[in-house]
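Number of protein chains: 2
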Amino acid sequence: MFEIPFSVHEKSPFDTTTVISITVFFTLICLCIIIGHLLEENRWANESITSLILGLVSGGIVLWIRKGQSSRILEFNEELFFIYLLPPIIFNAGFQVKKKQFFKNFSMILTFGVLGTLISFCLVSSGVMFLFKKIGLTQLNVNDYLAMGAILSATDSVCTLQVLSQEETPLLYSIVFGEGVVNDATSIVLFNAVQSLDFSKISSMTALALLGTFLYLFISSTVLGVFVGLLSAYLMKTLYIGRHSTDREIALMMLMAYLSYMIAELLNLSGILTVFFCGVVMSHYTWHNVSESSRITSKHAFATMSFISETFIFLYVGMDALDIDKWTESDASAVTFLAVSSSMLALVLIGRAAFVFPIASILNCLKKREEQKIDFRRQVIIWWAGLMRGAVTVALSYNAFSSSSGENVSNERSLMITCTIIVVLFSTLVFGTATKPLIKAILQGPMRGFSDATDIPSLDYLVLPSTENGETYSNENGDDDDDQRTRGLSSLVKYPSSAVHHIWRRFDDELMRPVFGGRGFVPYEPASPTGAADPGHQH
Amino acid sequence: MFEIPFSVHEKSPFDTTTVISITVFFTLICLCIIIGHLLEENRWANESITSLILGLVSGGIVLWIRKGQSSRILEFNEELFFIYLLPPIIFNAGFQVKKKQFFKNFSMILTFGVLGTLISFCLVSSGVMFLFKKIGLTQLNVNDYLAMGAILSATDSVCTLQVLSQEETPLLYSIVFGEGVVNDATSIVLFNAVQSLDFSKISSMTALALLGTFLYLFISSTVLGVFVGLLSAYLMKTLYIGRHSTDREIALMMLMAYLSYMIAELLNLSGILTVFFCGVVMSHYTWHNVSESSRITSKHAFATMSFISETFIFLYVGMDALDIDKWTESDASAVTFLAVSSSMLALVLIGRAAFVFPIASILNCLKKREEQKIDFRRQVIIWWAGLMRGAVTVALSYNAFSSSSGENVSNERSLMITCTIIVVLFSTLVFGTATKPLIKAILQGPMRGFSDATDIPSLDYLVLPSTENGETYSNENGDDDDDQRTRGLSSLVKYPSSAVHHIWRRFDDELMRPVFGGRGFVPYEPASPTGAADPGHQH
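Protein chains in written order, with this note's numbering: chain A, 808 to 1346; chain B, 808 to 1346.
Note that these hints are calculated values from the structure, not bench results. Accuracy of the hints is not assured; some may be wrong.
[To be verified] Stretch by stretch, here's where chain A covers chain B in the computed footprint (C-beta under 8 angstroms, at least three residues):
1. 837-851
2. 1149-1155
3. 1194-1201
4. 1224-1235
[Said to hold, decoys possible] Derived, one-sided and incomplete: chain A residues facing chain B with beta-carbon distance under 7 angstroms:
5. Ile836
6. Cys837
7. Leu838
8. Leu1046
9. His1107
10. Ala1108
11. Ser1116
12. Trp1134
13. Leu1156
14. Ala1160
Where a beta carbon is used, it is the ideal one built from N, C-alpha and C, also for glycine.
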């Protein structure tokens, strides 16, 4: 009827490519969620494998549409990864962790996570140094080999955690889960240390200095995380913001959690450790000081953000794997590719076996009771859980071997990136697919002792007579009912770890909770909890 | 004891300035939340004023630290605004709107939002054309004047909505709220149309073409939003994802809502309208198809995201206002500044008065019953509610008058930006501060009729005899109890708007709900709702 003399939105306020890539990525994440849901009962599949495959497929389609030019929609961006995607995942890990199990097995988790990662780092570093020279690579220096050791020591235990049940096998779950978190932090700290190490000035004090820095980072990062968590708890308790607005409470929790990570990074500490412990403290104190609806919302909102970030990362890695430039840049023969990646993969397998079985055996010798020991089948599961490599590996590899300033990258450095990606793809797809049936098969056989080791000692306490004080400790998260125990001097000698737990409980009840709130804190305006949780009355 | 031979994190994986600006902004948002909470009972303050002032103060501090060089931590970034901050605000508006009130007054809202904005646009455009020439500006062309008209017609009714109560004055609230949303969309569409209008090819058909494009954008954007909303409802109902995971449900809702905005932008439609109607449909169907905990979480999570975005925007505008470069660039005398900004402000006041009172009077003549009419005091409130200018105005002004490609901007174009910011600051700070006491004073006096006009007609229906069918309609959101009505042919003639509502209800019950779920939908796995909502059992 009439001609339109102008096209609306011709001068769009923003770049179309950003809109396109966001649209594609979000559509793919939606697809991942739906496919993941449909495959939930499937024997082999899990969420990370689905995302990775979907990423590969869509990378292939993009490559085909652009006629082989590029599979990239977004460049692999370390800033995106370390600033936006990693913090929610780690915070949620701390927020949802069963604190009791985690701290009960804290020494075990630290041993596996720190000592184990160090052993794996040493072994893989010397392994690549030896093997890569045999293969014929010449351009890499000692720093690169050490970086490779740190890169290949960062595990990704998501696949295994999706299979293990927190209720049925609490010990196994908490070791695998806790090791995963500590391992991430350890390998990133190691990586940064190695990257800035100057081998011209090396002395006998270097190892000692490395250890000192390590301890400094660990302790100060933890302290910062605990401090921010306690600050948020104190604010929530004193202000009782939920009186006026649920949204303010949730916003404040989110922002302070994220701030803890950012402040740690600003102070050159380990943001991962900080945000993890911030999450732990927030779930112990802050979470109990907010209104009922804020509790439900924060719990699920944090989990959702973590879930979206994880899916995003796997999609990203999958799409990035098909990037044609990287493959041509490295300029290597298929034999070299195969040799480098398979030696990496072999070192990953050996490096992990070299600490899981020895450490487990030593820990078994230290435990007095049969039920607390980690039997061989559980050792195999712990070993297997850490074989997959994921996003942290890819991100660190880019950080070490790509040129950010646009200068020419040597072939062998590009080769390192591509081979790392091959290792990530292979381990996630092949090992990941086998995880579900493997673990189910291992766990199905008759197990020594009861359903899981650490549930046993608590039974002992019930038998001991109640002496010290008649106070009934309310259990922390409703996950066990055996807190009514005695803590005489005898039990402190016999069971040191639970004596520590007892001291902590008294400290918590008498000093911390009056200041920071926590479970059982009743705000001074006791609104009906069902009323607050009922969405119908407002909506 | 020993020297550390390297500094950890020396080669940080990301830019320090990003980390610093995120840290500063998030700290400021936390401060805004706490101060806003403390000032909740205050007579004058509200959240947007707090954020704006805090932004100004911190901008001043940054300026002082950098010794007058720049107050900017982040550049005002339209991409950030239109891609990340605006969609959550608009989606949440649609998600939380009381649909019944909104659609009951739909014709009134559309009249004020579309016709009113057009009138204001024409008046302001011709006003600036006339006044700016008098002041002595010469470098601007017709497109710039028209753009200015669209920019100054975008209202920000946040301040007023924080004062009005949805329960006490539903008619007033729904008009102010609905007009705000429709006004945003109208002025952005107008702005884009004007920006791309070519005045060399202007003909008698231009106005008609403008109208045609307008209708096309309105209808197609709405249809797209409704389609995505229904798709999400259908997916949730058929898959019943909550069976496996609450997080998947929430993630899918969030991602699909965001996708609707992105797809609309890709198709050159109005993303704001699309995401608004997507929110309306999602709250009517999808929200009822998910698990209990997903409902609580999604409701509060969306509100929180919207709240954070709003606070962020006001902080941003406040900080940006002190940017020294803009002020020196415009190179104008204080008199020119004053003349331009005060004429803008006067046009805003007149432009709004020119449509609110006439339209209200015409609407009053069309209403038969006294109680449905908008009395003069309510007209004043509606007029006042739209005097504040906010982030959309700033964003559009940057889009029109700043140079994105780095070329030299003429002095007068910079002057337009600075004066727009002065108008935004003045209207938000001065008018905003007066809003709370003013509205309370107006509403306190004795009102004609009952508490609010639209609550009255429903009483009439209760008197009419029940004929057509004995079916009891469950009311939609529990916000009124008068749905058991008769809809004879006589009532269709007498009360056309409620007849439309009746037809919609039947259509909804008989065709839509069986396919898309909605209120009363019972998933095939009836889990205990309290069990699902109870955070204690998992955490």
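Verification of the supplied hints:
| no. | hint | result |
| --- | --- | --- |
| 1 | 837-851 | holds (count 7) |
| 2 | 1149-1155 | violated (count 0) |
| 3 | 1194-1201 | violated (count 0) |
| 4 | 1224-1235 | violated (count 0) |
| 5 | Ile836 | holds (6 angstroms) |
| 6 | Cys837 | holds (5 angstroms) |
| 7 | Leu838 | violated (10 angstroms) |
| 8 | Leu1046 | holds (6 angstroms) |
| 9 | His1107 | holds (4 angstroms) |
| 10 | Ala1108 | holds (5 angstroms) |
| 11 | Ser1116 | violated (10 angstroms) |
| 12 | Trp1134 | violated (24 angstroms) |
| 13 | Leu1156 | violated (28 angstroms) |
| 14 | Ala1160 | violated (29 angstroms) |
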